[in-house]
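K.L.:
Chain by chain, the residues run as shown.
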Amino acid sequence: MEEKTRPDPAAEPKFRIKDLDLYYGDFQALKKVNMDIPSGEITAFIGPSGCGKSTFLKTLNRMNDLVDGARAEGTVLLDGRNIFNDMDVISLRQRVGMVFQQPNPFPMSIYDNIAYGPRIHGIKKRSRLDAIVEESLRKAAIWDEVKDRLKKSALGVSGGQQQRICIARALAVEPDVILMDEPTSALDPISTLKIEDLAVELKKKYSILIVTHNMQQASRISDRTAFFLLGEVIEYGNTKDMFNNPKNKKTEEYITGRFG
Amino acid sequence: MPTRQVYLEELAKLKSDVIKMGSLLEDSLGEVIAALENLDAPKAERIIREDDRIDEMERLIEDECINLIAKQQPVATDLRQIASVMRIISDIERMADHCSDIAEFIIRISGENLPLPEHIRDMVNDSTDMVSLVIEAYVREDLSKADQVLNEDKTVDQYAKDITDELLIAMKHNPDKIRSYTDYIMIINHLERLADHCTNIAQWVRFIVTGELSI
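Chains as they are written, first to last, in this note's numbering: chain A, 32 to 291; chain B, 768 to 982.
Honestly, the hints are just simulated from the structure, not real lab data.
Heads up, a few of these hints could be off.
Below, computed lysine-lysine pairings styled on DSSO-like, alpha-carbon distance capped at 30 Å [claimed, not checked]:
#  : chain 1 : residue 1 : chain 2 : residue 2
1  : B       : K780      : A       : K281
2  : A       : K278      : B       : K780
3  : B       : K838      : A       : K280
4  : A       : K278      : B       : K782
5  : A       : K280      : B       : K810
6  : A       : K280      : B       : K780
7  : A       : K271      : B       : K782
8  : A       : K281      : B       : K912
9  : B       : K912      : A       : K271
10 : B       : K838      : A       : K225
11 : B       : K787      : B       : K810
12 : B       : K782      : A       : K280
13 : A       : K278      : B       : K810
14 : B       : K782      : A       : K281
15 : A       : K156      : A       : K170
16 : B       : K838      : A       : K271
17 : B       : K838      : A       : K281
18 : A       : K225      : A       : K280
19 : A       : K278      : B       : K912
20 : B       : K780      : A       : K271
A short list of chain A residues far from chain B (calculated; beta carbon distances all over 12 Å) [stated by the list, open to error]:
#  : residue
21 : M66
22 : S80
23 : D99
24 : G100
25 : E104
26 : G105
27 : G111
28 : S158
29 : L160
30 : K178
31 : P206
32 : R289
Heads up, the beta-carbon is just placed ideally off N, CA and C, and yes, glycines get one too.
Given only the sequences and the hints, what does the whole structure look like? Please build it.
P.N.:
Spelled out as structure tokens, the structure:
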């Protein structure tokens, strides 16, 4: 697998979102979202339940296509290409991987979990798959823990390890972007910190977008934070500024816990 | 019931404790004025004893701040408030030390029967006003009062310079009293430093309100 070079954050944004509206039937879940998301950084999305942050994340690799009645308007450009018109969903999801709240390894061996994506993309050669599996597991900081049990079920390891296997599985198809939807909410504090360290390590080569209910997590690891409320982006900026001196009163109320 | 009721109560208590500590300092300064007026040694000794209470308040409030940070992970205005309080109480504690130092010099001068230098009362009054003003600026998070404190400091600095000049001239005329005059100069220096701590607090008030750090 070729090493990617670290993207230049000053370059064109990885994602450019313009006037994005998203509807579930009559319900408008996202309202005129405009946002540039740079490469090589961790961008966190925070906000109360139902604010649209997960919907927004899922729109970025068109997971909402699977939802009946879901309809997006506006543009989402990935490296300048419109993900709704100019890309097929398979190649979009190859470039934009996703990790979910509950670790969801496939009920198969650790090896097969990681090799699953590359096999679908046509890689059959054993030595090549071996190399991808090892490298992906190493990148996900789990190789040393599972290298002697690659043929055993991925369901037989701890939740934190399963989540890192899922991250390795996402990395195996060489994405540019990894979407993480509350990736640590089902994990204990130590596993959480391992995933956080991993995200910080991975941002050198990938853009990481993370939805989290844990504001300390957003402040610990992200470079930028967006605060969503009722489908709108209330504030988006450097994480340091957001947590030290937010510009919007609603952001202040939310992050200091005076919300509601 | 609003969210984070306990947290909000703890933040409110923190503020009221800072105000209490500020009032103790104002009391000490009031005593300094009275002790200086009559070069009253017993009153000066009381000021020195009072300093322990202010030190104790500093430890108590510092503890509250550390607990709030550890238990509540404050952010934004709350974090700026708590970080500033940790600095403000250290400024108040230093100001109380200056009162104590001034009291020691008052005890030394008390037997000397020297006239008070002109304007020293004005300087003490202005410094006391600065303390009251800056505590009010903190309580109300009032930037215009904080700016007033910064301006007042210039007046106090000018008093310090004028009174020192006056004392140097007096020393020339009364060389046998040089030691006592030097003690007055030390008192002036302490007052001047005390006013500087007020300006520090004014800057922390600005930080709490705006998030801009100019210290």
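K.L.:
Decide, hint by hint, whether the structure agrees.
P.N.:
Cross-check of the supplied hints:
Our distance criterion of 30 Å between C-alpha atoms is met by K780/B and K281/A, whose separation comes to about 24 Å. Restraint check: the Cα-Cα separation between K278/A and K780/B comes to about 26 Å, which is no more than 30 Å; the hinted pair holds. For the given pair, K838/B sits about 24 Å from K280/A by alpha-carbon distance, which is consistent with the 30 Å threshold. The suggested pairing of K278/A with K782/B holds, with an alpha-carbon distance near 24 Å, which does not exceed 30 Å.
Only pairs whose Cα atoms come within 30 Å are accepted, and K280/A paired with K810/B is rejected, the gap being roughly 50 Å. Using a Cα cut-off of 30 Å, the hinted pair K280/A and K780/B holds, with the two alpha carbons roughly 23 Å apart. Proposed proximity of K271/A and K782/B is supported: the alpha carbons are some 25 Å apart, at most 30 Å. As the CA atoms of K281/A and K912/B are separated by approximately 27 Å, the hinted pair is consistent with the 30 Å bound.
For the proposed pair K912/B and K271/A, the alpha carbon gap of about 29 Å is at most 30 Å, so the pair holds. Between K838/B and K225/A, the direct Cα distance comes to roughly 22 Å. Compliance with the 30 Å bound is thereby established for this hinted pair. A threshold of 30 Å between alpha carbons decides the hint, and for K787/B with K810/B the separation of about 21 Å falls inside it, so the pair holds. With a CA separation close to 21 Å, the supplied pair K782/B and K280/A stays within the 30 Å bound.
A C-alpha spacing of about 50 Å is found between K278/A and K810/B, which places the hinted pair above 30 Å, so the restraint is violated. The straight-line distance between the Cα atoms of K782/B and K281/A is roughly 23 Å, inside the 30 Å bound, and the hint therefore holds. Distance check on the hinted pair: K156/A and K170/A sit about 21 Å apart at the alpha-carbon level, within 30 Å; holds. Between K838/B and K271/A the alpha-carbon distance is near 21 Å, which keeps this suggested pair within the 30 Å criterion.
With a C-alpha separation of about 23 Å, the suggested pair K838/B and K281/A falls inside the 30 Å cut-off, and the hint holds. Restraint check for K225/A and K280/A: not satisfied, since their Cα atoms lie roughly 33 Å apart, outside the 30 Å limit. This hinted pair checks out: K278/A and K912/B have alpha carbons roughly 23 Å apart, not beyond 30 Å. At roughly 27 Å between alpha-carbon atoms, K780/B and K271/A fall within 30 Å of each other, so this suggested pair holds.
The claim that M66/A is not at the interface with chain B holds, since no C-beta of that chain comes within 12 Å of its own (minimum 21 Å). Non-interface call for S80/A relative to chain B: holds, since the shortest CB-CB distance, roughly 14 Å, exceeds 12 Å. Against the 12 Å criterion, D99/A stays outside the reach of chain B, whose nearest CB is about 35 Å from its own CB. In this structure G100/A is separated from chain B by more than 12 Å, as the shortest Cβ-Cβ distance comes to about 34 Å.
Distance check for E104/A against chain B: the nearest CB is about 34 Å away, which clears 12 Å, and the non-interface claim stands. Distance to chain B confirms G105/A as a non-interface residue, since its nearest Cβ pair spans about 31 Å, more than 12 Å. With 12 Å as the threshold on Cβ separation, the claim that G111/A sits away from chain B holds: the shortest Cβ distance comes to roughly 36 Å. For S158/A, the non-interface assignment is confirmed: its Cβ lies about 49 Å from the closest Cβ of chain B, beyond the 12 Å cut-off.
Non-interface status of L160/A relative to chain B is upheld: no Cβ of that chain comes within 12 Å, the nearest being about 44 Å off. Remark: the non-interface label on K178/A is consistent with the geometry, its nearest Cβ contact in chain B lying 37 Å away (cut-off 12 Å). Every Cβ of chain B is farther than 12 Å from the Cβ of P206/A; the closest lies at roughly 32 Å, confirming the non-interface assignment. For R289/A, the requirement that its beta carbon stay farther than 12 Å from each beta carbon of chain B is not met, with the minimum near 6 Å.
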